[in-house]
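For the record, the sequence lines run as chains E and Z. Mapping to the numbering used here: the first sequence position 40 is 40, numbers consecutive. If you want the numbering used here, it's the 1-based position in the second sequence plus 420.
Among these hints, one or two may not hold up.
Said to hold, decoys possible - 20 Å max Cα-Cα, derived EDC-like pairs, lysine to aspartate or glutamate:
1. Z:K661 - Z:D621
2. E:K59 - Z:E542
3. E:K88 - E:E141
4. E:K208 - Z:D430
5. E:K313 - Z:E478
6. Z:K508 - Z:E542
7. E:K59 - Z:E478
8. E:K208 - E:E237
9. E:K208 - Z:D464
10. E:K28 - Z:E467
11. Z:K479 - E:D10
12. E:K170 - E:D10
13. E:K208 - Z:E467
These are calculated hints, taken from the structure and not from any lab test.
Chain by chain, the residues run as shown.
Protein chains: 2
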Amino acid sequence: MDADIITIGDEILIGQIVDTNSAWIAQKLNAEGINIRQISSISDHPEHIIAALQESGEKSSITLITGGLGPTRDDRTKTALCTYFKTKLIENSEVLEHITQLLTPRGISINSLNREQALVPEKATVLHNTLGTAPGLWFSEKGKIYVFLPGVPFEMKNLIDNEVIPRVRKVFSTPVILHRTILTQGLAESTLAEKIESWEDSLPESLKLAYLPSPQNVRLRLTARGENEEILVQLLEQKIKALNELIAENIFGYDEDTMAGNVGNILYSNGLTLSVAESCTGGNIAHFLTLNPGSSSYFKGGIVAYSNEVKVKLLKVDPHLIAENGAVSQEVAEAMAIGARQAMNTDYSIATTGIAGPDGGTIEKPVGTIWIAIAGPSTLISKRFTFANNRERTIIRSTQTALNLLRLELLKLTIKGKEK
Amino acid sequence: MDADIITIGDEILIGQIVDTNSAWIAQKLNAEGINIRQISSISDHPEHIIAALQESGEKSSITLITGGLGPTRDDRTKTALCTYFKTKLIENSEVLEHITQLLTPRGISINSLNREQALVPEKATVLHNTLGTAPGLWFSEKGKIYVFLPGVPFEMKNLIDNEVIPRVRKVFSTPVILHRTILTQGLAESTLAEKIESWEDSLPESLKLAYLPSPQNVRLRLTARGENEEILVQLLEQKIKALNELIAENIFGYDEDTMAGNVGNILYSNGLTLSVAESCTGGNIAHFLTLNPGSSSYFKGGIVAYSNEVKVKLLKVDPHLIAENGAVSQEVAEAMAIGARQAMNTDYSIATTGIAGPDGGTIEKPVGTIWIAIAGPSTLISKRFTFANNRERTIIRSTQTALNLLRLELLKLTIKGKEK
Numbered sequence: 001m002d003a004d005i006i007t008i009g010d011e012i013l014i015g016q017i018v019d020t021n022s023a024w025i026a027q028k029l030n031a032e033g034i035n036i037r038q039i040s041s042i043s044d045h046p047e048h049i050i051a052a053l054q055e056s057g058e059k060s061s062i063t064l065i066t067g068g069l070g071p072t073r074d075d076r077t078k079t080a081l082c083t084y085f086k087t088k089l090i091e092n093s094e095v096l097e098h099i100t101q102l103l104t105p106r107g108i109s110i111n112s113l114n115r116e117q118a119l120v121p122e123k124a125t126v127l128h129n130t131l132g133t134a135p136g137l138w139f140s141e142k143g144k145i146y147v148f149l150p151g152v153p154f155e156m157k158n159l160i161d162n163e164v165i166p167r168v169r170k171v172f173s174t175p176v177i178l179h180r181t182i183l184t185q186g187l188a189e190s191t192l193a194e195k196i197e198s199w200e201d202s203l204p205e206s207l208k209l210a211y212l213p214s215p216q217n218v219r220l221r222l223t224a225r226g227e228n229e230e231i232l233v234q235l236l237e238q239k240i241k242a243l244n245e246l247i248a249e250n251i252f253g254y255d256e257d258t259m260a261g262n263v264g265n266i267l268y269s270n271g272l273t274l275s276v277a278e279s280c281t282g283g284n285i286a287h288f289l290t291l292n293p294g295s296s297s298y299f300k301g302g303i304v305a306y307s308n309e310v311k312v313k314l315l316k317v318d319p320h321l322i323a324e325n326g327a328v329s330q331e332v333a334e335a336m337a338i339g340a341r342q343a344m345n346t347d348y349s350i351a352t353t354g355i356a357g358p359d360g361g362t363i364e365k366p367v368g369t370i371w372i373a374i375a376g377p378s379t380l381i382s383k384r385f386t387f388a389n390n391r392e393r394t395i396i397r398s399t400q401t402a403l404n405l406l407r408l409e410l411l412k413l414t415i416k417g418k419e420k
Numbered sequence: 421m422d423a424d425i426i427t428i429g430d431e432i433l434i435g436q437i438v439d440t441n442s443a444w445i446a447q448k449l450n451a452e453g454i455n456i457r458q459i460s461s462i463s464d465h466p467e468h469i470i471a472a473l474q475e476s477g478e479k480s481s482i483t484l485i486t487g488g489l490g491p492t493r494d495d496r497t498k499t500a501l502c503t504y505f506k507t508k509l510i511e512n513s514e515v516l517e518h519i520t521q522l523l524t525p526r527g528i529s530i531n532s533l534n535r536e537q538a539l540v541p542e543k544a545t546v547l548h549n550t551l552g553t554a555p556g557l558w559f560s561e562k563g564k565i566y567v568f569l570p571g572v573p574f575e576m577k578n579l580i581d582n583e584v585i586p587r588v589r590k591v592f593s594t595p596v597i598l599h600r601t602i603l604t605q606g607l608a609e610s611t612l613a614e615k616i617e618s619w620e621d622s623l624p625e626s627l628k629l630a631y632l633p634s635p636q637n638v639r640l641r642l643t644a645r646g647e648n649e650e651i652l653v654q655l656l657e658q659k660i661k662a663l664n665e666l667i668a669e670n671i672f673g674y675d676e677d678t679m680a681g682n683v684g685n686i687l688y689s690n691g692l693t694l695s696v697a698e699s700c701t702g703g704n705i706a707h708f709l710t711l712n713p714g715s716s717s718y719f720k721g722g723i724v725a726y727s728n729e730v731k732v733k734l735l736k737v738d739p740h741l742i743a744e745n746g747a748v749s750q751e752v753a754e755a756m757a758i759g760a761r762q763a764m765n766t767d768y769s770i771a772t773t774g775i776a777g778p779d780g781g782t783i784e785k786p787v788g789t790i791w792i793a794i795a796g797p798s799t800l801i802s803k804r805f806t807f808a809n810n811r812e813r814t815i816i817r818s819t820q821t822a823l824n825l826l827r828l829e830l831l832k833l834t835i836k837g838k839e840k
């Protein structure tokens, strides 16, 4: 079962707004087992609207169109669809009554523009828009469904949930579709692909895999499609378990999880506290941690030690260590982590020092060289990384890598706890 | 001149990610006087890719395709376009060399997947992707242009700016179109619109205004279109000057400027240093400052004082002040700013303390209440703000507002300096 989503209007075509409606609708239809064939944004020229309806009608079972139903004169959708469906506009008394009821309390009297909104194509079933003046329209034509909705997000969402989805369920019987996203860190896309090649080859036809890389991490999305939900759930669980046996250290979460959120959860559930000492990451680790509501219960604070003076004064790094090894060194990273833990009196600490670039690199320590250290009650580890020559990406990757190092340390603790 | 933008891949079709690439590309092409006819997202099925190329080639002069060029096996774009353009894949030695140079320093050895990325269609002109492994591809076929770009946003943006736009300018002669973007901070879109209404009415037909709101600020884009570049430049300058007379305090920069970058420039050119003390912004001010290359010359460091213990210990905030006024108060914000300036020995400091939410609000201090303080050699100012009930937005708006407060303070200094 395929569907198309079409948005009418110029705001998206000139890049003034980003189309978030379509992603929301796609998720909703997917959850009903409906596959989205194509998402398009088009202008409100009648010929363009008619051509888009024509093409979609040939290729998909459902066409969902948003926008182009407002009260102003740039909306030419209704005329175009009368041409396409060979019908005419008639005044709908229920819609007119609803518009009057909506506008009168706001002190707005019905003008000709509002009155035009009560005109609906004779062939259409009206979808009652409780939250706005433009009604939704439902056409059933030669076994295909066309649904027109206003573009205002909260009106559109309300109509999808309460009018469109229940009708779609009645008309079509749809298969089961499930998605799981596995979040990985620390492997480039190509290395990851090589490591899990045999696992990927073992996937049955009912499971599809997609790689979704971003500057932060590589996500793997598994899509299961079939008739029996229980079987699909088991299949997904089984394959995710097998994947964990291959790359356990690199999987930090699933679906909507974030690295900082998951590290926070482990700290919280173990009653542990954290501080950070950041040089090259410049406050970004603290920022990622504090994006999570409730982070104040485990994150006590951080020192952004951008200058050596601050490293010495607030983190008590021995100035000789800096003079002998340079600020970007294992010795300084470890001293920073120890210093943060003591200064802020926490169980664990993370420290970063590196060359984010574009300047400051040498042959021995090129731009992208980062030392990360983790200090804990009975732990002091440090590791060197080399990231790409791009300041913003290096900051993000250093942040995620540092949080993952702490996560792996904390997991050892949990395993030890369980062994006792 | 019409263009189509097509995105290949399932992530958008299943609603997992919102298509922000297309809006960015649309803005860029608009700036060149190119009209966007249609924006589409399609699956990576070869038949669908070929059908989309066919349709776009019939209706537009330029087709810009992103996505579907990664190293893993879910990318079937290159095969599809070989079919469409009747060509074959050949190994490109320059691309292979570039991939090797990118991956070797990261300790990644070239595998068969990376090697496949060096295969390019024989008919294509390779667009060198300095930031990633997948090259861009440019086809010129029967007077139509087709451009394929990787979907990773920073790689795609770099290729558009440095490879695509210059070539498009050579191939098509377009009218003179100039854009200036005016960056404002501190006024909601509707308030701003009201304040500048008469100015907006005064704009001649050759100038078009667009409001581009974002969580960080409201940008105003002026587009000038005509035959004579000199006249358009003068017109833009004159209108921007007039706008400055209306909302000088709210204009913090132009075009690609950032608030943190501009604050940094003022500090740098005056030989001044800065430190920060962050509670509710959780390190984000330090992060925004350190995103700028060279920030180490004026930004010495920060203390993320998330717990009261850190406020007292490292920022020397009197615990009685916290007990009497609460951590979110004018007194504590000012004490934090003074403490940061002293602890890190800087000319200026910024402090934030607030309730980012979703919990912790009271009737007197609802979620979104933020105190910001600025301390300097002969300055101590503080101000209360109430932002929306959304954690991430409140963090971003507090960050930008705090930096703008410092900017306005620093500008007074510059004016005083000039008066002497």
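Hints, verified against the model:
no., hint, in the structure
1, Z:K661 - Z:D621, "16 Å, holds"
2, E:K59 - Z:E542, "32 Å, violated"
3, E:K88 - E:E141, "15 Å, holds"
4, E:K208 - Z:D430, "11 Å, holds"
5, E:K313 - Z:E478, "67 Å, violated"
6, Z:K508 - Z:E542, "6 Å, holds"
7, E:K59 - Z:E478, "19 Å, holds"
8, E:K208 - E:E237, "14 Å, holds"
9, E:K208 - Z:D464, "13 Å, holds"
10, E:K28 - Z:E467, "26 Å, violated"
11, Z:K479 - E:D10, "18 Å, holds"
12, E:K170 - E:D10, "34 Å, violated"
13, E:K208 - Z:E467, "19 Å, holds"
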